[in-house]
Structures are given as structure tokens and as C-alpha cells.
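Enquirer: One-letter residues, chain by chain:
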Amino acid sequence: MKLFQFRGGVHPAGHKAATTDKTTRQMPIPQRLYIPLQQHIGAPAEPVVAVGEQVRKGQLLAHSQGMISAPVHAPTSGQIVAITEHPAPHPSGLPVRTVVLASDGEDRWLDGLTPTDPQSLSAEEIATRVGAAGIVGMGGATFPAAVKLKLSARNKIHTVILNGGECEPYLTCDDRLMQEKPAEILAGVKLILQATAAQRAYLVVEDNKPAAIAALQAVCSGLPNISVVPVPARYPMGSEKHMIQTVTGLEVPAGGLGADIGILVHNMGTAYAIHQAISQGQPLISRILTVGGGAIREPQNVSVLIGTPLQDVIDFCGGLTEPAARLLMGGPMMGQIMPDLSVPVVKGSSGIIALTAAEVADRETMPCIRCGSCVRACPNGLLPLQMAAQIKAGELDKVVDFGLVDCVSCGCCSYVCPSHIPLVQYFNYAKGELAARQQAKHKAQENKKLIELRQERLAREQRVKAEAAAQRKAEAEAKKKAKAAAVAQV
Amino acid sequence: MRPEVLFIAVFFLAFLSASLGFGLGYAAKFFKVEQNPIVETIIEMMPGSNCGQCGHPGCAAAAQAIVDGVAPLTCCPPGGHVLAEELAETLGVTLDISTLEQKPPMLAQVNEQLCIGCARCVKKCPTDAIIGAQKQIHAVIQDACTGCEACVAICPTGCLQMHPVRTTLKTWRWNKPEPILAAAA
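As they're listed, the protein sequences go chains A and H. Just add 17 to the spot in the first sequence (first one is 1) and you have our numbering. Just add 100 to the spot in the second sequence (first one is 1) and you have our numbering.
Take these hints with a grain of salt, some might be off.
Okay, derived cross-link-like pairs now, DSBU-like style, lysine-lysine, Cα gap no bigger than 30 Å in a straight line [as the list claims (entries may be wrong)]:
#, chain 1, residue 1, chain 2, residue 2
1, H, Lys270, A, Lys482
2, H, Lys235, A, Lys458
3, A, Lys460, H, Lys132
4, A, Lys482, H, Lys223
5, A, Lys415, H, Lys276
6, A, Lys19, H, Lys270
7, A, Lys496, H, Lys270
8, H, Lys129, A, Lys466
9, H, Lys224, A, Lys458
10, H, Lys223, A, Lys466
11, H, Lys223, A, Lys409
12, H, Lys129, A, Lys465
13, A, Lys490, H, Lys270
14, H, Lys270, A, Lys415
15, A, Lys465, A, Lys167
16, H, Lys270, A, Lys458
17, H, Lys270, A, Lys466
18, A, Lys496, A, Lys482
19, A, Lys448, H, Lys276
20, H, Lys270, A, Lys167
21, A, Lys482, H, Lys276
22, H, Lys223, A, Lys460
These aren't lab readings, by the way, just hints derived from the structure by calculation.
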């Protein structure tokens, strides 16, 4: 199949050898699970259980709110200990509303979860069940999968791409999933095809995963509309827009989605979860993630329950060999720095990477020499050196004109900069400032409306008072006249 | 050269400058702009609650003062540094952030132990953010509060207090990156 090339990109060292050949291990049930009510893009889920209630594995803990949201289910059986604020797996360490579940060790499934024959379901029913199972994008974006499937009702989707890129260094969870469960992934792909009425599916895998490619090709052989497409290993191949360009040569319009040009992209883990949900009736309650980095004693891939504290996962992998200089959730290019080990694993946690001080390359920042390495590396064709200079000078409006909104924060620019300038960090800061300004502007407009409404209310009250006074005066006059007339008559 | 040519040249230039001068004088009168239009733009950007924390009688007066250069861009506490930056961009001046009061945005809250239900604050609030009636404990609707502090001044028991806005996961932002210096590396 003819492939295309996206501009820029980098090729960092993979660091995958330590974990890519080890079988995924199942982690035992932890004592306490901390299940955040917001693990997805959109509105947080609203709890339907109470403190003290006994729940079964797979039971609904919180239902989705609004159009873009996802429900949350109990990863194991036990008792709800609290519904409270707990540190979120986020660099700020700020609290998020969390359901705390004390496991009873019995791991009893909810009654009535039955497998369904996929052939009997309509496209809409598949999307509804995917939504009810709480499935979100497992590559890390955590966009509710049901909403994405329903998008295809509006835009005609002709191609489904399964994202097996996993371009981040250290991460091998999707690699192991493809090697160990190719048949289930294929079943999930068929369900997605059914839900979108697309004509074809491409299972796209980077060529640094030969075993995964072979495993998928074995199950897909002979299928007319589903094929495995190996692509060159280049970061950020796993980025949806860049994968679409590589496979089809089509460019997603700026500010648009793949669905706008008829292409829907799902992560391999999401396809697996969709199969579990429809074919087994099981909601999303666990995931595979890579525990890696130089500070981990036994790096490997682990299947963990959602809500497991990071400390428990790392202990299962032999603990830390030395204090981690940096603790990441995700990969080293775009992963989030975790505040501490008490935060839980969530639906989008693709990996836990504990880096040693030697692996963290904090170097002195030197002045920009305008060498253009960042421009060559940017996969979106932006000018990082120009934008960073403007952000430093505080000219945020100009940065938007230079395409700040098109930056996907992949980090290629920071990776190549010979002066070690924190380029992508400047862009994340600028995007945050922009969002803060829009929020402030919105608040100011709302306040103005409230002030006007109050003025109107006061004016209205004045009017009503004046009318009432005039009315009373008229009645008093009428009474006086009537009295005078009566007196005159007498 | 002949004196007539010189005469013509002088006369022509004099006539030209006189007519242009008249034209300018006429334009200064006829096309005069009463108020600097930029003031209107600035007034739109201000919070509009006329709280007076800047020291000027109302947001319109503050806008005029900013345009005149009498008031600093950082004079509006409810506007915060976001407003200061927007003003700097609109007016095309550089912002001296050091003059900004390092006060975080504040919202009013009723201390229910002290509230006597006099309803004076209800009448004062420019956005009707306080709900309550006579002899009932009052409450401030946080989303509607602009931080103008008008209620704090008028409360007879001092039960209205300003609290800094809590940062949540939705409002948290990255800080501006600091360059790593040689000593630290």
C-alpha cells in the first residue's frame, strides 16, 4: 500500500526493549481503589451510589452527565468508603471528586452482564452500549468513544483507522495487547465497522513492532476490507492527524477532525474495550499499562484495575531502585508529571515512567541562535522559535496569528533545540493564558449582563411604584369627588 | 530674473499656504472628534460594576483616566492581570507588571454566624449576586460576584468577607517557564 510522509517529526531512542517481550502480568486487587469521577473529556460523572453501599464488580458508580461525558463503574466488589476530594493524577495535584472503594477480595461480578451477539445489534445500539460501558479513548486523549461513533451518523465515515502507533518511548502496552489479544482486537474492529458503516479498516502499526504486526496479520488474513498497515517508526506517528496523512495522504483541515474528511481513528486498546463491552457485557474497569524507566526495578506491562494507586502498581513491579527524579503518567514526550504516588491509575493512563536523575536531561538554557532545527522538526509546520520569542515578550495575540492553536504539544521542538530552550512548555503556558483570557472575557460579559438586568429591575420597580402611586392618587381623587358630590346633593 | 516672475512665485506660494491653513482650521472645527473613540473601547473592556476600588468614580471615569495616562493599566483589581494585559495590547504600550497588586481574584462570602438578615447588601450589589430577605440568612452566588467589595463596606456586622478564588482543575494553568541557569544545572 502506498504510504505518504508527514513533515518534521523526530526519532528518539525507543527504550522499549526492556518491556516489549515480557508477557503482561495481572496485578492482584489492591485494598483500596480511588476512582475519579472525571477521567474523560467532558462533564464529570454524577454518583449514583452512597457511602457505605456494597457494590459488585462492574456496577455503575456514576452516570454520565450531558452530551459529552462517560459513566464510571466499580472495578471490583466491595464497599464504598467515601465520595470525596482526592489528589488527581495531574501535575497540579489539585483534588478531584473521587469514589473510594474498599475491596472485599471476592471480585464478584454484577449479575445480569450477558454477552451479546454483535450481529443482532444496530449501529446505534452499538454506540449506546459503548457509551454505557464508559469507554473512552485509551491512547490517552480519553474522549468518550460513544460520542465519536455517533459522529459518524452526521459525517459519512468511509475509513476506520486503528491506531497501533505507540510512538512514545518506553511505552509498549499497545504492543503487548496486539501480540496477546489480536483476535479480540479484530472483533472490536468489526464492531466499530458495524457502528460506523465504514467501508474499510486499517490496522496501522509502527514497524518497530514486528511481532505485533505478525500477530495481527495472522488474524486478518483473507479479510477483504480489513488490512494491517506497517508504517515507519517516527514520532509523532501516533498523532491522529499525522497517522491519517501517512496512510491516506489526506490532511485534516486546521481546527477540524478526522471525521470531517470521513476518517475515524480509534486506539487499539479502545477496540479491545469495545469488544469486551459488547461481546462480554463488561464495562471498562481495567487497562494494561507499561511500568518503565530506569528507576523501576522490574519494568513490565501490567493489567491493573482503574483506581489502583500508583504506589501499589510500582510495588508490584519490585519498587523503585532509587528515588524517581521524575514520575510521569504517559510517555516522556507528552506525559504528565505526577505530584506523588498516591494518585490513581485512570482510564487514559498508558504508562507509569519513573526516570532517574541521569535519564532526565535538565540542561542550562542558552539563547536562541535561530538555527531553525525546531522549524524542521515541527510536524505541523509551525515556527516555534518565533512563537517562543513572542511569548517571552508577552505578545500573546501575535502568537495566535502564528498558529498557536494548531500546536499539538508533541514536544518535537524542545527535543531538538540545541540551546535547550523549553519551547513546548512556552506553548503550553501560552495556551493556558489564552484560555484564562477567554474565561475572563466571558465572565466580564456575563457580569455586564447581570448589571444591566439589575438596572432594568430597578427601573421596573420604579415604574411599578409610580403607577401604583398614580393609581392610588386617582382613586383618592375619585373618592373625594364622590364625597363632595354626595355632600353637595344633601 | 524678471521681478514679475518672482512676484508670481511668492504670490502663488502665499495663496497656497493661506488656503491650506484655512482648510486645516476648518477641518479642526468641522471634523472634530468630541471624545477619543478608544475610551469607548476601553469602557467595554472594564468590568462595569463601578466598584470604585481603582479610586475613580466608576468604570467610565477610570477608562478616561487610563487613556489620559493618569491611571496605571493595573488600577483595576477585579480586572486583574488579564485586564491589564488586554489594555496594554489595545493601547499599544508595554505593561509594567510590577505595579500590579499581587492580590489574587477575590469573591465575597457570607459568614452565616454573623448575618442578621438586614438585606442592605442585597440592595447594594451591582450584579444582584446576593440572595436573601429580611430576617433570613443571606448567601452570595459565587458565579455572579465580581469582587467589587461594595457589600463588605455596607454590612453592619462585618459578616461579608472576601475569600481568594480557589484554583480548580478547570482553572489551573501552567506558569511561564523559567530558563534553567548555569548555577542550577
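Enquirer: It remains to establish, for every hint, whether it holds in the given structure.
Expert: Now the hints, each set against the structure:
no.	hint	result
1	H:Lys270 to A:Lys482	violated (45 Å)
2	H:Lys235 to A:Lys458	violated (36 Å)
3	A:Lys460 to H:Lys132	violated (36 Å)
4	A:Lys482 to H:Lys223	holds (17 Å)
5	A:Lys415 to H:Lys276	holds (17 Å)
6	A:Lys19 to H:Lys270	violated (43 Å)
7	A:Lys496 to H:Lys270	violated (65 Å)
8	H:Lys129 to A:Lys466	violated (38 Å)
9	H:Lys224 to A:Lys458	holds (24 Å)
10	H:Lys223 to A:Lys466	holds (17 Å)
11	H:Lys223 to A:Lys409	violated (45 Å)
12	H:Lys129 to A:Lys465	violated (36 Å)
13	A:Lys490 to H:Lys270	violated (57 Å)
14	H:Lys270 to A:Lys415	holds (25 Å)
15	A:Lys465 to A:Lys167	violated (38 Å)
16	H:Lys270 to A:Lys458	holds (16 Å)
17	H:Lys270 to A:Lys466	holds (24 Å)
18	A:Lys496 to A:Lys482	holds (21 Å)
19	A:Lys448 to H:Lys276	holds (11 Å)
20	H:Lys270 to A:Lys167	holds (26 Å)
21	A:Lys482 to H:Lys276	violated (55 Å)
22	H:Lys223 to A:Lys460	holds (22 Å)
Going down the numbered hints, you'll see the structure goes against 1, 2, 3, 6, 7, 8, 11, 12, 13, 15 and 21, while the others check out.
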